[in-house]
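Spelled out from the first residue to the last, the chains are:
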Amino acid sequence: MAAALALWAGAVAAAPPERVVSINLCTDQLAMMLAAPGQLLSVSHISHDPNVSVMLDTALGYPVNHGQAEEVFRLQPDLVLAGEFTSAYTVGLLRRLGVEVAVLPVVTKLEGIPGNLRAVGALLGREAEAEAQAAKFTATLERLRRHGSTAPRAALHYANNYTSGEHSLAHEILTAAGFRNIAAEAGLAGGGTLAMERLVMLMPDLVISGQAYPGASRSEEVLRHPAMEALRDRHAAGALSDAEWICGTPAVLGAVARLVDLHDAADTP
Amino acid sequence: MTRLLLPILSLLVAGLFAASLLIGPAGLSPVDSLAALIRGDRLAETLVMREIRLPRALLAVLVGAALGLAGAAMQGYLRNPLAEPGLIGVSGSAALGAVLALQTGFAGAYLFALPLSALAGAVVAVLLILMLAGARGGSITLILAGIAVSALAGALTSLVLNLSPNPFAASEIVFWMMGSLVDRSMDHVLLAAPFIALGALVLLTQARALDALTLGEDAAASMGVHLARLRLLLVLGVASMVGAATAVAGAIGFVGLVVPHVLRPLVGARPSALLPASAIGGAALVLMADIAVRLILPERDLKLGVLTALVGAPLFLHLIYKTRAQGL
Amino acid sequence: MSGLELQDFAVARGPCDVLRDISLSVRGGEFVGLLGPNGAGKTTLMRGALGLMAHRGQSSLSALAPAQRARTAAWLPQAREIAWPVTVDTLIALGRLPHMGSGQRPGPADQAAIDSAIDRMGLQAFRSRIATQLSGGEQARVLITRALAQATPLLMVDEPAAGLDPAHQIGLMETLAAEARDGRTVIASMHDLGLAARFCTRLVVLWRGGIAADGPPEQVLTPDLLARVFHIRAYYAQTDHGPICQPLGVVP
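Residue numbers (this note's numbering), protein chains in the order written: chain P, 1 to 269; chain V, 1 to 328; chain A, 1 to 252.
Mixed in with the good hints there might be a few duds.
Here are the simulated lysine to any residue pairs, SDA-like style, with alpha carbons at most 25 Å apart [said to hold, decoys possible]:
id: 1; chain 1: P; residue 1: K109; chain 2: P; residue 2: S168
id: 2; chain 1: V; residue 1: K322; chain 2: A; residue 2: R80
id: 3; chain 1: V; residue 1: K322; chain 2: A; residue 2: A79
id: 4; chain 1: V; residue 1: K322; chain 2: A; residue 2: Q133
id: 5; chain 1: V; residue 1: K322; chain 2: A; residue 2: P37
id: 6; chain 1: V; residue 1: K322; chain 2: A; residue 2: T87
id: 7; chain 1: P; residue 1: K136; chain 2: P; residue 2: G112
id: 8; chain 1: V; residue 1: K322; chain 2: A; residue 2: G242
id: 9; chain 1: V; residue 1: K322; chain 2: A; residue 2: A213
id: 10; chain 1: V; residue 1: K322; chain 2: A; residue 2: Y236
id: 11; chain 1: V; residue 1: K322; chain 2: A; residue 2: D119
id: 12; chain 1: V; residue 1: K322; chain 2: A; residue 2: I130
Over 12 Å on every C-beta distance to chain A, these chain V residues come out as not near it, computed from the model [as the list claims (entries may be wrong)]:
id: 13; residue: G27
id: 14; residue: L43
id: 15; residue: A197
id: 16; residue: R270
To be clear, the hints were calculated from the coordinates, so they are not data collected in a lab.
From the three backbone atoms N, C-alpha and C, an ideal C-beta is built for every residue, glycine too.
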């Protein structure tokens, strides 16, 4: 144990990495927020997709990679940031090639975000910046957080009538903004498929719809189904689950803030 | 029996239509459901009935009628009970047309762009089949041509969906190949209904010509049947109905095979009498299948084509065996 | 108009003329036997005259609009096709299609024509049988009955006697002859010279794209013509039982 700690301390104490490559949308964001100028070489190509990237303008300043071991290795990184869902094959290959790969967990709790910031800060040797960002996040979240006793009910409605339950970032975002997730009422505390007619019968006060991706899909047609449109027109407020809802980074505060506005508007008729 | 058949089938469709309206995951009581549907007093119930269940039931009727009638008409024209829009690739090609229109954004260009694109896909397939199978579609060539057209249309549909920038598109191959009526809306009804009605009208006017074809092309022509016009109207009628049905519900196979096969003995095998009977029978079959998918796996979107294939494929094999025995 | 008029009639298949320079006039009351070896163009002549295939020159039938022609001439193709298991009644009723307006059901006149045709062909016992389940000969008779039910002034049949047993061959020829006696025109292609000689009022022999002989049986079925066109010699005699023509052997 002591030896392990010493090793950890040694790694941290070592000179910070100078050539960092991020191959995951969420680690892209954390790295761009925290890296010293010139330290971050490349971000994943997904960060250049305006549909899912919250830091598009910043990301456009970096060259992109497609997360393939060969192209990443050619950049000669001394640290690669990957996410939990990055292909284990890619991670293993890079490690065999002698590249240090840090795999960051998927954050499903708002409370986990400061920890994630600090972890990336430590990896990049940017502890002070990370600490500042973490403190700012916690303070902003506390300021935004709504508790009210009469929590309005919100439905998360994604493609294929999927809904998220506990242990999801989306659930955390809407409860932080003072809403109750109707998934629990529907017996889907853990999330799952909620038939549209059941969703309509539950009459949520707010419908948070998944965003539509380019191209067409039948899966997403439910988001614009006339029954959902009518529900939004006549009864419920509407909001879009967009790029800010995807990653466990401070960007979620934007999503919380917009929901809080809806919450407060509902409170003060 | 023949005289009572249409009223009996119509009653069956009416009953199934009502059942389709009353069955759903929301678990509304029948009285509340109908009150909401007719009076529209309570918001949630009314939305469920008018925006979700009514279009679904209406589409089941339209799509079933389209597939049943198109199947009976193709069989009458080719004088072969194996000719079915799904099996010979017409539905698959219509799906390809629809998918192309959706993924290129052409579907949004104007109101009827989607069904028209599916119609165009269906026209290509019907023409190919008529060209390959010849005037009197022999079973072997018909099935072989159908396999080729289906395979090509299926592969191209998969390709288009895989190339789509949309993350969900690729997983929808099964919808386009098997068909479903889940979460359709009145928009889809309005999109499909005109084409299905028009196609039905065109095909029903050819009922007598199909009767005459019972005696072969030469005899039919000598009795005043204009063969070239019949072929043109048949292609357009079938493509219009199958195209519109597939554009909104995906490709649902075997309806056009099972329904005419079951009803043929009941109408005395006359192609003209089989047309309206198959339209109503098709509506009944798709309504039944769509009710069954909700009862069997209420929380999941079980595809209609799965059920129709479970009923239809054994019958198809039986028909192949029978036509082989007759040396067709 | 109950006859058939062909003027300078010719039918080409590809670059070659199958028939050329055919001029033929057939009147009501005639029962014409269309003879000729295989490939002489018997079927082609009838299909061309009906307008079912392209031809040059004039045909009084193909000049008519299809609907009008269908009420003028009934045609029984050689291929005995019955696609669906309909009843004999239903099949024969198809002959009335040219007489019914669109959407119209068979009226009393149609039913009378159907009944009469069935009586003439002696098919009363078969009316409710399924046509596809009958024997080949029975199917042939049912299809001829359909053509009779069309009740047209002109009847063109392609090898109607083929596949029938002797009794039904004779019965059929008697029926066709009776049609002609009633003032209608009957044109039948056939290979059986004996039946042709006994029942037809006039024989037209097609050979090498043209008409080799045309006239009453005794004038047409000469040893010379039979040898030249059919490469056979035959016994021919006028007897108390009517004309007899019995092929005896092949001439080299």
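TODO: Of all the hints given earlier, name the ones this structure violates by number, lowest first.
DONE: Those not satisfied are hints 5, 8, 9, 10, 11 and 16.
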